[in-house]
Structures are given as structure tokens and as C-alpha cells.
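Peer 1: Go ahead and model the full structure; you've got the sequences and the hints to work with.
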Amino acid sequence: MRLSQFYLPVLKETPSEAQIVSHQLMLRAGMIRQEGAGIYAWLPLGFRVLKKIEQIVREEQDRAGAVELLMPTIQQADLWRESNRYDAYGKEMLRIEDRGGREMLFGPTNEEMITEIFRAGVRSYKDLPKILYHIQWKFRDEIRPRFGVMRGREFLMKDSYSFDVNKDEGAKSYNRMFVAYLRTFARMGLKAIPMRADSGPIGGDSHEFIVLAETGESEVYCDRRLVDMPTPPADTDFSGDLTPTISPFLEPYAATEEKHDAAEFEQSVTEADRVSARGIEVGHIFFFGTKYSEPMKAVVANPDGKETPVEMGSYGIGVSRLLGAIIEAHHDDDGCKWPMTVAPYHVGLINMRAGDERTDAACETLLKALEAAGVEVLYDDTPARAGEKFARMDLIGLPLQVIVGPRGLDDNVVEIKSRADGERREAPLGEAAAMIAAEVHAALAVK
RNA sequence: CGGGGCGUAGCGCAGUCUGGUAGCGCAUCUGGUUUGGGACCAGAGGGUCGCAAGUUCGAAUCUUGCCGCCCCGACCA
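Each residue of the first sequence is one higher than the one before, starting from 250 at the first, in our numbering.
Bear in mind the hints are in silico, worked out from the structure with no lab data behind them.
Here are the computed lysine to aspartate or glutamate pairs in the EDC-like style, where the Cα-Cα straight-line distance is at most 20 Å:
1. K440 with D472
2. K546 with D327
3. K379 with D454
Computed beta-carbon distance windows for the label pairs:
4. S488 with D605: 55 to 61 Å
5. P677 with T322: 51 to 57 Å
6. D347 with G671: 52 to 58 Å
Every residue, glycine too, gets a C-beta built ideally from N, C-alpha and C.
Peer 2: Here's what the structure looks like:
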């Protein structure tokens, strides 16, 4: 992509309404634009990252055996009356009326609808287990939206729902999502720690996945050993018993404020390993049994031929929020520092003298070769000054910058700069594309 | 919903107390000089001062109402 054809409205100054660094950088790097309190338009650069994150979430859901579908954003009030949540949900639910005066709502979550979809198609325990998920926009009329996409009112969420014949089977589904979540966040360069969490009005077992960050909204407490716990590998067998895989994560102490037990914390964790910090909740998993299946009559015939309500769980990932969390974890004073797996483009190609025959030709050749090798390139072909180009490229934070200018071309080399550590090195012009492509693919291969 | 603050050019702000017909920096456009880390000179364009009503000869400025946004608290991916 040529920058001259792209839409990248960067800001030199920090908009005053942005309080935390991720919000500031997303506005400055032209990733989002606020259209109302807690409502954002996704500009091209931000949209690309959103799609990358969404795709990683999707791949790990699929790997864990979940099946994707798509439910509508608008739902009917009657569906929510079946679970008695239409009145219980309160003002956080955005209620709408259609032209016929029917009560509708913009979905804040989808337990009711998925239960309705499930019960319409499943009759027997032999069809279980099932995990269904979708990635869809939600609207929750938050009392106080803030911090940009970290607490928007409209937000993109991946929500999965598991259906099992009994509680033991339900626990297996819960574990599958548990492992899928560990892998999902790790692939984005995040250390997300599962913590015992308050399951709220839903009840049942619950874990929140927390990224430690000073700007996090929750107070959390955990054992330091959890911070560097290795991620379960890509070849994990999701059809097998996952208890040994997840038990190392369950044994050390970890809890959010609501579930924190100071006495237990001090007793079970050595003083040196006690971490009390702030964190960003990027995922939340629940097992809630028959809360919806019972009132909504989502039942299957069990092996005895008796109809029993299915045991359900729900599993959420805040996809749009993850952009904020990743920036909080990966940035410096100059801008974002995207991990390769979620970067809007892998490489920023900087033409130091756009309009000069020699640099233009070298850039065009590199661009073609890189794109042919499957590398996503943002090519700065604008006539802007060098300082401006570097600052802009640092701000948007592409992992690799390739600098092509007369100075290097005199020696037949280009410069490659890594955004992560600022390291610069030279590469022969003829070999640069292959070297960069290999580097990009190596970084992406880590799954 | 309670408490606090803000709304003036795309962005950041001054002007409001003390009413006199709107300004600064950045950005944008034109010409020129520059050109490897946010350049310089000269010129130009861009504003129903959030909206409405009121007071006044005259309102960005005073009064009232409304709208929007931000921050602190209770709720949440």
C-alpha cells in the first residue's frame, strides 16, 4: 500500500480528552476517531489491527473446536423475556422500537439468542459437546465510557457458548476455552493471567484473563510465578484431558479484587512472589450451568432417554479492547510498537527522496518483491521531509522499517530498522527483500 | 445518577472576570530555498465563537434553557 493513496490522518499534538497512552496513540496514529461518547469509527490503520486480532481469536477458537456463526446485533425483547432478563438488565441495555411499535434492543450479549438457536437444532446428548461462537458488535450503555476503546459503549466482542450434557462435560468445555484463551493472548504478545473472578449475577465458576498494566481498571493480586508461565503449545490435544495443561495456572494464587482473600494470599504466596497490581480484563469465562437452558427449555435427551437441560458456559474476549491493551503493553515515547502478529503492516518502506529516479526505482522493486513474498508493506512514497517520515513511521509503530535513500544506494545497500529495539543494520539491495521476508515469516510462524 | 470541568478554524489553545464586531502555534494551499530524525522565507485560504431565547445601540464575553464532551464515584469485555 502506498501511503500517498492511504488514509492516515496523524496528529502531532495529543488530543486533550485522551487520558491514557493507548487512547492517545490510537488517536494520534489515525487509528480511530471518536463519533460520540464511547463510540468510535475505525480508520483504515486501526481497522487493519482490529482484523488481525479478530483473526487470531478466530484461529484459536477453531483450533479448540468451537464453531463460528454470526448472530444479529438487533434482538427482540420477547426473547429476553423468556430468561427474565429483559427487565433485569436495566438501563445498560439500549432499547429501540421499530416502526410497528415492537420492542427491540441492541444486543449487549447473546446468551438468550444462542440458546434459542441451539434448542432449535439439538435434541440428543449425542450431538454434544458443542461450542458455538461469533464475533459481533455489542452495545452496552455504560454509565461512564472512558479510555477510548478500553471502555467503549459499542465494542467488538468474541463470545462463545458451550453446551454439554452434564457438569463434568461442561468443565471440559470450560478447560478448552481456558487453554484457547491462554494461546490467543500469547500470540498477540500479551501476558494474560487467568484469575479467579467474581461471576456476578450469572453465578458459577469464573476466570478473568488479566493483562497487568498500570492503567488497568481492576485491582489484582497474584503469584509472580504466573507471570512467566509458558503458553500451552499449538499442538495441544483439545479432545483430550486438559486438566494437566491448566492446573499449573490454577494452583498459584491469582484473584481480582472482588475475590481477593488477603489472608490466603499471604499464606500461600511468599512475600517476594506477591504481585499486587492493576490489570486490564481482556477475557472472561463463565460456567453457569442451566441458568438459561432451564427457563428457555434447551434440553437434550440423555443416555437414559430423559430430557435434561443442557449445561452451559459463556466465554468473552473484548476484541476492540485488545488494541488498547496491546498498545499499553507495547509502546514507547515515540509511538506504538506492534508485535508482528497484529501489526497493521509488517514493514514500513521509507523512500528518503521520493521523486528521485534512483530511490523510486529501488523502492518499487523492493515493494514488489516484498508483496510477492506475502509481506504487508506500507510504502511511504510521499515527498515529506525525512524527520517527518521517521516520526510518522515510529508513531504508527510498524515492526520493521526499511530506509531507502541516496546515501545507502551509493553503496548499494538499504537500512533496516527494528521498531522493537531500535536496532539498525544494512542489507545489500539485492538481498534485502528476501532477508526481510524471512524475518517477517519467522516472526509470524510463532504460534 | 451525584460531584467537578470544558465547548472559539482539522489539532492544541488565548480572548470571557471588565460587552465594542475574533487571535496565536501547528496543520492546509501557492511560490521559492531546503532535503538522512517533526526545516526556512514570503504570501493565502479556512470561524453561524455548541444550539436557542433573552438583556443591550452592540454579545465569544452578561442571563436562562437545552445539547455535547471530559474527569472523579457506583457498573462492566
